[in-house]
Amino acid sequence: MSPIQQVAVLGAGRMGKAIAIAFAYAGLNVALIDARQRTEAEFEQYQAQIQTDLKQELQLLESIQFIQSEQSIFILNQIKILSREASISVLARCDLVMEGVPEVRQTKEDIFTWLDQYITPTCIVASTTSTFLVTDIAHMISHPERVVNAHWLNPAYLIPLVELSRSEQTSDEAVNTLKSFLQAICKVPVVCHAKAGYIVPRIQALAMNEAARMVEEGVASAEDIDIAIRTGFGLRFSVLGLLEFIDWGGGDILYYASQYLQKELGERYRTPEIIAENMRQQRNGLREQQGFYDYQQIDIAAYKQRVLQTFSDRIAANQLKPPFNILNQ
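In terms of the working numbering, the sequence shown opens at residue 60 and continues consecutively.
If you are wondering where the hints come from, they were derived from the structure by calculation, not from laboratory data.
A few of these clues could be false.
[Claimed, not checked] Pairs of lysine to aspartate or glutamate residues, derived as EDC-like cross-links and limited to a Cα-Cα distance of at most 20 Å, are as follows:
1. K322 <-> E269
2. K322 <-> D311
3. K139 <-> D112
Model the full assembly from the supplied sequences, consistent with the hints where possible.
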């Protein structure tokens, strides 16, 4: 499959505009397509509003010094806001269409039926949906092997991660082409199967609900919970992945801690079978040089030093490093 060069974003809502900015920032010409059928006068008004929205987003990025004013002008010039009718000739040349219309099944079906008439059989269609599985979306396109879900995290022009979800029908070629494209524009794609919640939303929903539950139970104030997350949990997991941290501390530690929490707080703390199985197989992590990862061929001392160095750098960058001998200053 040829590299992705011509891209379109179908739907100019919050996510669509943010993705268009991310693509334009990378140097791509982007067709930002109005998903609704409008009269000429209605579209002109809509186009002006989207242009204003884009300028406001870029002004915000300028204010935080993520981009400079000349880069903002460049990005705006790279994005063409098109009506449905005006986009037809562009769609015929597209290598990738990123769909971001409202999360309503009929709306999705209607827009994909319309889109299917104009794209080529080799065009990759990526839905940004957080509500529909890729297996649902694939049935709406005549070439399901080209359909992928591409879940961006807000704000899409800042967060590197893009979660790609494939169906059994999705071709390896489509996934690999999209991955390579995203990597080329300095995004970080990961791939998962068609299950509700992708990776991040599934994990963060549990964490957010537990935080809200702690406020509800009077365990701690909202402020203290968020301080704990920012200076502890979040800082830790900006350096180590969740599964990497299980290996770092030991799967057996998680198992016994979870048994206690399950007894005190409920079944939601029950460990999955994979933790118990790893314990039986002596795969608890760094201690046995095997866990979720294989450490047998790496220098564990050097690995630990790299991790701790990154921790130290993050602590300093977040202005959390205490001055030395502070009590005697």
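Taking each numbered hint in turn, which are not upheld by the structure, reported in ascending numerical order? none
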